[in-house]
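Given next are the chains, with one letter for each unit.
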Amino acid sequence: MSKIVVTGIGIISPIGNSVAENHAALQAGACGLTSLELFPTRYATLLKFGEIKTTNEDFKKQLGVTAKGVTRTTLLALHAFQQAIEDSGLTGEELQSADTALINGTTIGGMSESENLYLDANQNEVGSEYISSYNLGTVNMYIQQRYKIGGVVNTFNTACSSSANAIAYGARLIQNGFAKRAIVSGTDSLAKFTINGFNSLGILSSTLCKPFDADRSGLNLGEGAAFLVLEKEEDAKGKKIYAEVAGWANTNDAFHPSSLSDNGDGPYLAMQEALRVANLQPEQIGFINAHGTATENNDEKEGIGMKRLFETVPAFASTKSNIGHTLGAAGAIEAVYCILNLMHQEVYQNLRFEKPIEATGLTPVTGHTKIKLEHVMSNSFGFGGNCSSLIFSKA
Amino acid sequence: MFYIHQSSCISHQPTFNDVDLEDLKPSENNLIHAIEPKYENVPLGQLRRMGRALRMGVGTCMKLLGTHNVNGLLIGTANGGIEDSIMFLNQIHDYEEGRLTPTAFVQSTYNAIAGMVGMITVNHGYNATHVHRALAFENVVLDAAMLLKENLDNSYLIGGVDEISVKNHRLVTLAGWYRKEPVSNFDLYKGDAAGTLSGEGAAMFIVSNKSEGATAKLKNLKMVNSNDEKFVQEQLSLFVKENPGKIDLFLQGENGDNRLLKYYTTCESLMSGETTVARFKHAFGEFQTVTALALWLSANVLQTQKIAQHFIKKNSATEFNRILIYNNYQGMQHSFMLVERV
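Protein sequence lines, in the order shown, are assigned to chains A and B. Read in the working numbering, the first sequence has 92 at position 92, and its numbers run on one by one without any break. Read in the working numbering, the second sequence has 1228 at position 228, and its numbers run on one by one without any break.
The hints are simulated quantities; they were obtained by calculation from the structure and are not laboratory data. Note that beta-carbon positions come from the ideal geometry of N, C-alpha and C, so glycine has one too. Heads up, a few of these hints could be off.
Mimicking SDA-like on lysine to any residue, the simulated pairs with C-alpha atoms at most 20 Å apart in a straight line are [said to hold, decoys possible]: (1) B:K1167 x B:W1177; (2) A:K148 x B:H1033; (3) B:K1149 x A:M1; (4) B:K1190 x B:P1026; (5) B:K1314 x B:T1266; (6) B:K1313 x B:R1259; (7) B:K1230 x A:Q145; (8) B:K1222 x A:A24; (9) B:K1180 x B:G1191; (10) A:K148 x B:Q1330; (11) B:K1210 x B:E1150; (12) A:K148 x B:K1230; (13) B:K1149 x A:L36; (14) B:K1167 x A:M1; (15) A:K180 x A:L201; (16) B:K1306 x B:D1023; (17) A:K68 x B:K1230; (18) A:K307 x A:K355; (19) B:K1222 x A:M1; (20) B:K1149 x A:F178; (21) B:K1217 x B:E1150; (22) B:K1190 x B:H1310; (23) B:K1222 x A:Q175.
Here are some, though not all, of the chain B residues that point toward chain A, as calculated from beta-carbon distances under 7 Å [to be verified]: (24) H1124; (25) V1131; (26) K1167.
Only chain B is shown next, with the shape it has when bound in the complex:
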């Protein structure tokens, strides 16, 4: 599909400046909050008014665009600035639909991140925001792959971002997807309980058709919409057949929710004994665009040829040339991404 060049990532782990994934940072109060860095290349006046998702999104983009520009911007986000949305909704209530200030409304629009980055970098090119929940980032990847078939010499900035906000956390908790009892991310995969830990973060990549200087290659992608684990397994089996070769690392999105474990075990059973199995949601938490962070982690593993012990579920391979990422969100939206060493 395409090559991944520069990347940037904000997460609960030190991933933005000096990357250090060796020691897992503990969750707090069942939240896996992103550590926000000091942002550079973002006008301060604008930064002050931005909500969390917008800051993380614009901040990760601007780390990559500080020195050079791209032909277009593609962002995946399931919730955009949802905290701003609800803040604005609360203002509507509190002031009984009186005269309101538009800041929260304008910033809550899902496309505000791509729009803001386009404005700061004066980028008149392709500008897309994909919002299809847990396939938002995957559609960004597919869109970028098509753009790079249509425009062979171009490069694009792609990525995913979502925030934990107080209100959104409340909604997902009411819907029954987060752990009710206190649990540490160190123990996320132990026991037998429903629910997971919520997370947030942003990961951005500059992608093109050029192999020179690339950190990884995104070889292929498949999305599946189904709640039937047998069907998902069949689709993965097909995907593996269509992309033959040894898989060194199966990086899967297990999240400690006993209702979703069947999808991961069924898919994992297709891997051979030579494949290392690793998980990432204890480090990044659960959110719809976390696959962008899984892709960032994959590129990191392919480049450094190591993966910290806390990610490992089953150890096997010593060399990492091909990584298969499998994720599912709430048992309905599934994706496979195959990432290769350059």
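One chain only, chain A, in its complex shape:
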């Protein structure tokens, strides 16, 4: 099997509009969690959010979007898409080629326009400009049409592991000969729908989240997007190679619609299967970018899953302490962070950690540290029992 490598990356998150800005913020231990400023909700100041402080109008100007019905989720994606294809040096011809795939993962899609959806679904006699945008396919429909992407186009939804699976799908399309290159991504924007949804489950924190801490009090929602360009190693000659996508797995916890099983079966199986695909032993993993949402349930069960698989749990941290939980974007954003780990041979601080969870006794990375890394793992788990792990290896 050919190695699948990353030749371009793009990102926008609450801690930066580019890869360089995100890198600097992670090194500095910056936190992008604040009150909400850009749209009204009862929870704007009651909870903390990872909000990107750029308005949709400004994004449209910056990105040259003139079409109607383009929602924030698509705007965030477009921002990161443009960075990634420029970074990889993909030409217009390559984008339009029948062997260029475009795979996105998202959970909110066009439903970020919650107010307009409410009006269109209940009251409007004439549809709003977003009338055909309220689904998850809307992001890649727009990008495909704007750039005339010629190959397989898809949108994945496995809740909060959506973009981890989008990355795996892209890698598999290349390995199985259905694409020569794959532009894979995740994107989600903050929305009344998800804020109230997660709030109804009682898992949102009113304070800054504390992943893996014994006194954690829930998650902060965030928004963002990240794109990766995947190619075969032999097709990427002369290009900058960021990392190898070495392993992936998609398993199911098969326990409960919205919480993980006591033994962390789904997480355990996902990490184990990703190691099998990468042909690696547990002790070869130098760092785990954990799912680490800071909910009562996740952090304990994820820790239990890690302890089952790893004799000595490797260094791990949750970057959700910096940007919140970006849902469908999390897998792709954290993939870019794993690539930064490998490129710079360093790990970043899991912010605000004080005291280990009693059931696991695990302590995440508590400071910015230089460390020798060959292979790093990224976990993403979601509702519906969907558990995914990815492994990235040093280029």
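Model the placement of chain B on the given structure of chain A, informed by the hints.
Quick look at chain B alone, frame taken from chain A:
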């Protein structure tokens, strides 16, 4: 690509228990609603809380998984539990973002069907939900084909499901895709009007690399994103060349919308005089994952070697060995699937 074994289907026609496609069931009020059966193998407590898409999806899956398990689940759905989504959104409004119950939120997530089936059957394997509108089921097919190349001995449950919901119907109507004037599904292809009839349903299949006991073989698949009918025709022409052999049945997704007819006539013109041409949306209605039902119908035709008269547009072949399905949704997403007799 792979072999199709057991299948199950819920539609507006009797397709779930005693399959009978001879007499077309009429549409009502411009809707082609699925007839929901009595569901088995689904815990009643869970069934009661499920929305329509979830019930149909889980119900068709559980008909196949009642007796044996598979290595993974792959579901295509464009809208998931959209009625639950909008119900939850309305609650957000009505209670001014007060304390809400999470049921509608959790069930509205697109991956709820695959998640629920995974939970009921304790399936820890691959679990995917593809949601790319009218290519959601096609990506399920492609994903399954890759899984079966990677894991030769495995079997997977694949399928597609979408619901008509009051709210979603309203949205698509506002967007101008449904007929404004009353029309019966018996007359769907007559006249010259914009819009179609909305439909819903679910079709699930167990697929593997084993030919023994299979009902059909899915030979190949191609997806096209374009609004240019000439380009779509070229792509179909290439697809036919890459998969040489006589096509006995061209099963196409004409839906009575005069804006979309050009795609079907252009593609149909590539078929020889020996090919029977048939349509299916008068029976199932228009929705994004209806190609799962078209695949179910194809497997049924290949097995029974007959197709009811109401499906036929142009009669020719008397024996069905190879079926080419062509569908397009709103003039942008197109797919070709080639299905063969085993």
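Tested hints:
{"no.": "1", "hint": "B:K1167 x B:W1177", "result": "holds (14 Å)"}
{"no.": "2", "hint": "A:K148 x B:H1033", "result": "violated (36 Å)"}
{"no.": "3", "hint": "B:K1149 x A:M1", "result": "holds (13 Å)"}
{"no.": "4", "hint": "B:K1190 x B:P1026", "result": "holds (15 Å)"}
{"no.": "5", "hint": "B:K1314 x B:T1266", "result": "holds (15 Å)"}
{"no.": "6", "hint": "B:K1313 x B:R1259", "result": "holds (19 Å)"}
{"no.": "7", "hint": "B:K1230 x A:Q145", "result": "holds (17 Å)"}
{"no.": "8", "hint": "B:K1222 x A:A24", "result": "violated (44 Å)"}
{"no.": "9", "hint": "B:K1180 x B:G1191", "result": "holds (14 Å)"}
{"no.": "10", "hint": "A:K148 x B:Q1330", "result": "holds (17 Å)"}
{"no.": "11", "hint": "B:K1210 x B:E1150", "result": "holds (15 Å)"}
{"no.": "12", "hint": "A:K148 x B:K1230", "result": "holds (16 Å)"}
{"no.": "13", "hint": "B:K1149 x A:L36", "result": "violated (47 Å)"}
{"no.": "14", "hint": "B:K1167 x A:M1", "result": "violated (47 Å)"}
{"no.": "15", "hint": "A:K180 x A:L201", "result": "violated (42 Å)"}
{"no.": "16", "hint": "B:K1306 x B:D1023", "result": "holds (14 Å)"}
{"no.": "17", "hint": "A:K68 x B:K1230", "result": "violated (27 Å)"}
{"no.": "18", "hint": "A:K307 x A:K355", "result": "holds (18 Å)"}
{"no.": "19", "hint": "B:K1222 x A:M1", "result": "violated (24 Å)"}
{"no.": "20", "hint": "B:K1149 x A:F178", "result": "holds (12 Å)"}
{"no.": "21", "hint": "B:K1217 x B:E1150", "result": "holds (18 Å)"}
{"no.": "22", "hint": "B:K1190 x B:H1310", "result": "holds (13 Å)"}
{"no.": "23", "hint": "B:K1222 x A:Q175", "result": "holds (18 Å)"}
{"no.": "24", "hint": "H1124", "result": "holds (5 Å)"}
{"no.": "25", "hint": "V1131", "result": "holds (4 Å)"}
{"no.": "26", "hint": "K1167", "result": "holds (4 Å)"}
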